[in-house]
Structures are given as C-alpha cells and as structure tokens.
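Undergrad: Protein chains in written order, with my numbering: chain A, 1 to 487; chain B, 1 to 329.
In short, the hints are calculated from the structure, not lab data.
You may find that some hints are simply not true.
[What the hints assert, rightly or not] Computed list of chain A residues with no C-beta within reach of chain B, every gap over 10 angstroms:
id, residue
1, MET1
2, HIS34
3, VAL50
4, LEU187
5, ASP294
6, GLN341
7, ARG397
[Claimed, not checked] If you anchor each label on the Cβ, the simulated ranges turn out as follows:
id, chain 1, residue 1, chain 2, residue 2, range
8, B, ILE141, A, SER298, 34 to 44 angstroms
9, B, VAL115, A, GLY402, 31 to 41 angstroms
10, B, ALA305, A, ASP33, 51 to 61 angstroms
11, A, GLY182, B, THR30, 46 to 56 angstroms
Glycine included, each C-beta is placed from N, C-alpha and C at the ideal position.
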Amino acid sequence: MAVRRGEVHALLGANGAGKSTLVKILAGVHPADHGVVHVEGRPISFHDPVDAMNVGISTVFQDPALIPDLTVRQNLQLSDIDEAAFTPWLTWFELEDLDLDALVRDLPLETLRMVDLARALARDPQVLLLDEITAALTADQAERVFALLTEWREKGRAAVLITHRLAEVRRICDRATILRDGRNVALFEPNASPDATNGAATGTMFDVDEHDLVEAMLGAEVTELEEKDESEALSPNQPGSRSASDEVAFAVRGLTSGDVVRDVSFELRRREILGLVALEGQGQERLFSLLSGDRSPSDGEIFVGGRQRRWRAPYDAVGDGVVLIPGDRLLALLPNLPVRQNLVVPLFSRIRQWLGIPADERQRVRNAIDRLSIDTRAASQVRRLSGGNQQKVAIGRWLVAGFRTLLCFDPTRGIDVQTKRETYALLRELAASGAAILLYTSELAEIPLVCDRVLIMHDGRFVEEQDAARATESSLLTAAHGLEALA
Amino acid sequence: MSQAPLPAQAAAEPAGLAARAADHPTLALTGILAVLVLVTGFVEPNYLSVSGARNTLLQAAPLGILAGAQTILMLTGGIDLSVTMIATGSAYVAANQSPEGAAIAILLGILVGLVVGSANGVGVAVFRVNPLIMTLAMSGILLGLFTAWAQTILQGSTQMGPFIKLLGGGSFVGNRVPYSVVVWALIACGLIWLLRRTGWGRLLYAIGDNEVAVRLAGVRVWQVRITAYIVAGVLGSISGILLGGRTGAVDLQLANAFLLPSVAAAVIGGTSIFGGVGGYTGTILGALILSVLNSMLTFLNVGQAIQQVVYGGIVLALAWGYAGLTRRA
C-alpha cells in the first residue's frame, strides 16, 4: 500500500480485517512482525509512537487517546503540544468556545474526537491517519472534517481514512485499499495515471460503485459455496423446518437506549436461532447489555414468554431463563479459578442455594465438560486454557445451570476452526431441544450455516430482515452498510 | 492439585525444593512453623513443653479468628480494618453486660459485630465505598463512639464475668487444652466447610476473581459482599470476647495490636489481598507462625523496638517468599 502526497486514501474492510491493526503498526504502537514502512522513500523502523510522530505521521485512534481525569489543557501539556498551534484547529472545527480547563471525562464523545484530531493536526504532520473519525461525529462536524481533508489534499499532505461509511469514501477519497483477513486484496484507483506521484490529485472515488467495494471486502465466492454444502450436512432439514407455530420465547418492542439503540423490536421463537449482523459500533453491544439485564433501556419493553419484564440486573434476566454469553471472555471467566468453579457459578445465584452444593454438581460439570469436549489438561486455572476452550467454558456454564433463551455475542471470535464447527453444531442442537437463541456474529459466513433468520442492524436500528438460508455475505454486508440491496 | 502428572514433577527437578514447596504450600508453611518452634525451643528450652504449646495456642486463638474474618473478605478482594475495633467494642459491651449473665453478655457482644459488619457491608457493596476507606473510617467512628459511651451508657463493669474468663483463658484436661482453642477449632471447621463445601464459599472466590463475570452469571454480588462483612463482623466479636476473657478486664486498646497481624496471618497463609486465591487452612498456619514468632522475640529479650522491627521484617519476608513461590507455579 502506498499513500501519496496530496491524496486522501480510504482503508476499507469488514470487521476484523486488520484495519485498526495496520493503523497501529503505522503509528508505532505495535511492532510489525515482517515488512518495512517507507517514508519519503526511506525505510523507517518504528519502535515507539514517538518514532512515527518524528517522521510526520500523526494518528487519531478509534477510541479517544486522552486521559479522562485531566483537563484538555493538561492533556495537551502531556503530549507536548503548543496551545497556539492547537487553538486555530479548534476554531476550524467551530469549537472555539471549548473550555480548555474542562475535565476530559465531562466532555461528550464527539467533542473528544475533535480535540483528538486537533491535537494530531497541531503536530503539523505530513501524514494523517484517521481511524473511524466520523463514527461518533454529528453530520455538520463530519462536514468540517471533510472540508479539512479537502484543504489538506490541496496542501499536498496525505491522509488515510478508515470508515464504514461508503458514501464518505466516494465523496472525499481519491483511492481506496481494501483489506480482508489482514491482506491487501484490492486497490481502487479511479482515473489512475502513473505519473501522479506528486501533488495533483487524479480524481475521486466518486465513479466507483459502492457494491463493487462491498464485493471486494468479501472476497472469493468459492468459500461461500463450500460452506453452504456444510450447512446442509449439518442440518439436513433446516430450511422450512422452523414452523411459525413454536411459541415466542422472547420479544422486545421499541427498545431504545439513548442514541445507541433506537426503537428495536423483534420476536424470538423457541427452537429458533436468530442471527444479528452489524458492522462495528452500530449499537449491538448496548443491545445485548439491555437484553441481558445488565443495563436498563431508556424506553421500550421486554417480554419473556409473553409477559412483560422489568429487569434491574442480570440476576432478574437469569431468573427468567435469559442468559448471556458475553463476547469478551474477560466478562465471562474467572481467570484464576479452575474449570469447575467457572462452570458452577450460576448454580448459586439465589440465597437459598448458598448453604450447600447440589448433590449432582460434579455430575453436571462432568456432563458439560464431556458434551463440549473441554480440554481439561490445564483445568486448574482457566486463563491457561486456549481461547477455544475458554469459550467452551463460557458456554458450558449455562449448560450446567440451564436456560430458555440464549444470547450469544460473537461466540466464535478468535477461536480455531474446529471449535467453531463444534460451536455451530452445539447451537443447532440446543435450538433443536427447545432453546431460543439470538446470535450476534462478526463472521458473516456463519449466518447461513447456523441461523434461521437474520436481522441487520445499522446505526442503532434494525434495517432489514433476511432469510438466513438465502443470505449471502454480499447481501448481508450491503445491508449492514445501510445500503439498499440491488434489485 | 496433589495429583500433578509425574512428568511435570520430573521436569521441575532442578528447581527441586522450591517447586515442591510451590506444589504443597501448606507443607511449606508447616515446615516454617516447625523450624520456628525448634528455634524458639533452642532460645528457651522450657518452651518445648505442654505449657509452652498451651500459651502459644492461647495467643493464636483470637488472632486466628480475626484472621479468619480477613481471609473471607480478602477472598472477595475486600478487607476489614475495623475488625479490631469491632473486637474491642464487643468485649466492652460483653464486660458491661456481664452482671446480666454470660449468655446476654455474649449475645449483646456479638450484636456489635452484626451491626457494624452490616454497616460495612452496605457501605462497600451498595454505596461502593472502597473497603479500605469504609472500614478505616468505621474504625475511627467506633473508637469515638465507644470513648464517649464508656463515660455514659456503657459506664459500669469493665470486668468480664467468670464464664467468659473461663472461655477466654481457662483450660481443661488437667490444664492442658484451652477452651478458647476449642472455640477456634469449631470456628475453623465451620469456615473451612463454608469456603469449600458451600455455594457461598464458591461465590466468595468467584467475586474476588472477576466480579463482573459473577454479576453477568446472574448473581447479586452485593448480597454476597454484605453477608461476607457480616460474617467477618461476627468473627471479630467472638475474637474480642475471647480476648477480653483472657485479660479479664477490658479497655479501649484491647485488640489494637492485632490489626496488622490479622492481615499478615492471612497473607502468610497464602490468601491474596487481590482476591480469589487462598483459604483458611493457610491462615491457621499463618496465625500459629506469628504467635510462635511473638514468643520467640519475647524470649530473646531484645526490647520492644527491635522486636517490632524483626517482627515486621519476618512478616515481609514470609509474604514475599510465598508470593514468589506461588507465582512460579
């Protein structure tokens, strides 16, 4: 990948394609395992973010890199930024009223993004790396950023823009590099002219079709076909076997939480696996914490078995048989305790269960371990288990305790193929035995493999429902970008 | 743990002793205790006798019970710095009520632990005050309250009744076995059962390891925390009443000197102050080790100041050595 002077270069890819990792390597946060970064033709090795700054690369990361308990001014001093260089940029972003003595934690997220950007600009960099800068911004703030990037280009500087919003790419970017599974798979170069190495921008991405970009992010169709075959092998009578006569186990109506989750409604039947697809940061984390009782919604209703429930803690949700397998294993596991201790926690959630241990505890634990084939060689501390085995422990907890509705947040992230297959098979098995399952996954290939229906979430709302058996990665990703499907 | 596969042990051969000690921390602690007893016996030959053992146990019983309170709380990632004030307050109330009979005196004494423990628990679990701050403040409040009450509503007897004196300082079987050790043994059995064989015990460890995960698993963490502080408060009360019975008369400095040893006994016994790791068996050995150490320093007759320096240094070395051992594993 090469970034030219005077261009705005888009870096695109599906979740987990490696965009943020690439940015962190370029910013000197992570060392590269292999390969060299050239700046103005010279190979440079970064050991430290300071090295990157010294050669003129300035970065705005996905999450604000400011210290919440210090004021804006103290944060500037900490990063050795001259206020005189900083304030003009604030004015540019129409934030001249910002109180520099305000604590960072008291400022809204979009302001922090702008402060972060202004700070990066104050370093007067040659190359600007922006990781999802517009995700948290309001429309007019995003406009200011685009105006900046236009001017930036005219000054002959360079910028790399990571975004999920393809409309932005078409509007503002000159070229686009697509990453998939950590590889550079495509370069879109409209009006490419080989001599445009300096200065003059050659054209914009405006002529590129958004659907072509989506296709490129997805990659070869071959793998998809293979997986389709497997799905039939896994559940031969899957399509159509889900009759609408199964009772509704779990339903939400108009669920809202601030601006993050907006007016979400759906019904989940017994024996059904409902898929959920969304790009990063579209409100799916918040949605799951509402559904599991970890947070209370600002509006909307949750129904379990037809009755409306008001939950104040996961305790109440678990009591109603609604259980969560969190995406982050740090939220699920007791890292220093043995597998057995990890599995039995929900058996003691009620006070009357405190002064004893169920006689069949050992048996239940054994059953769960056998059913999931958890590798117990390192069972004395769960943190020594592999990621796949840790995930099995997180699932096994609810096999031990029992449940009616299972909320699964990206259960196969970062685990090996074998364990993924086992997980799919297990989810189908659980559904067949009467459970209702909501499955959010960042791996789109899983959807036709395990789900019956799939909902697509964009910007806090459900934008589309598809029949999972017919859903393709392309149709899912198109919808997840908030685009209309091609006729 | 003891069924570690053989190859692993063979591989650890070069590390030898240290590795074995790490596999069996209880054995290592017992070894240290034995060495300390022998050294003390070398300093003062009379120590190696029934009465020497009895005196050590008499000292160790109240400390061991206080350290039990700390163990329970440290497993959850908490601590109780007010536990010695609870002990003192309970002893004070028990002495004051002794004329009403032993049963009422003991029950009212334990009530102090119940009330204060609940207050600590609510502060930590519901209002999310840091346990260090909550219990340190509580300790100050209690000292103030009891200082004031000593002149007013708790005026009167500062002597324990005969039954409590017997319980705290008396012995049976030909003056060999102190009653307080029997009380301690009963409490120890109860605590070990709670920690190993009940759901509540499982939850204590789980909360200390990852509170968020326990909450998401459907447990009301605050309930577990509050009950842990209540149990700790009651243990503090029992310890204070035994201690008061041993000294006979109570004052507001009664249990002061036990605060750091109560934490140290648990730490030496292998309970992590960060929670999730440990148990009461180690704490018992920790309390015994500290009591023997105390006797040894007394026999050495080196003066209070040096005694304290040596005591602190040895506690530090034991805790550090233990942490090093278990981290290696």
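Undergrad: Hints first: check each against the structure and report whether it holds.
TA: Here is how each hint holds up against the structure:
1. MET1: Answer for A/MET1: holds, closest chain B Cβ roughly 39 angstroms.
2. HIS34: 33 angstroms, holds
3. VAL50: 33 angstroms, holds
4. LEU187: A/LEU187 clear of chain B: closest Cβ-Cβ about 43 angstroms, beyond 10 angstroms.
5. ASP294: With a cut-off of 10 angstroms, A/ASP294 comes too close to chain B, as the shortest Cβ separation is near 7 angstroms.
6. GLN341: 6 angstroms, violated
7. ARG397: Label violated. Min Cβ-Cβ 6 angstroms, cutoff 10 angstroms.
8. B/ILE141 x A/SER298: 34 to 44 angstroms: 39 angstroms, holds
9. B/VAL115 x A/GLY402: 31 to 41 angstroms: For B/VAL115 and A/GLY402 the Cβ distance comes to about 39 angstroms; the hint holds.
10. B/ALA305 x A/ASP33: 51 to 61 angstroms: 58 angstroms, holds
11. A/GLY182 x B/THR30: 46 to 56 angstroms: 54 angstroms, holds
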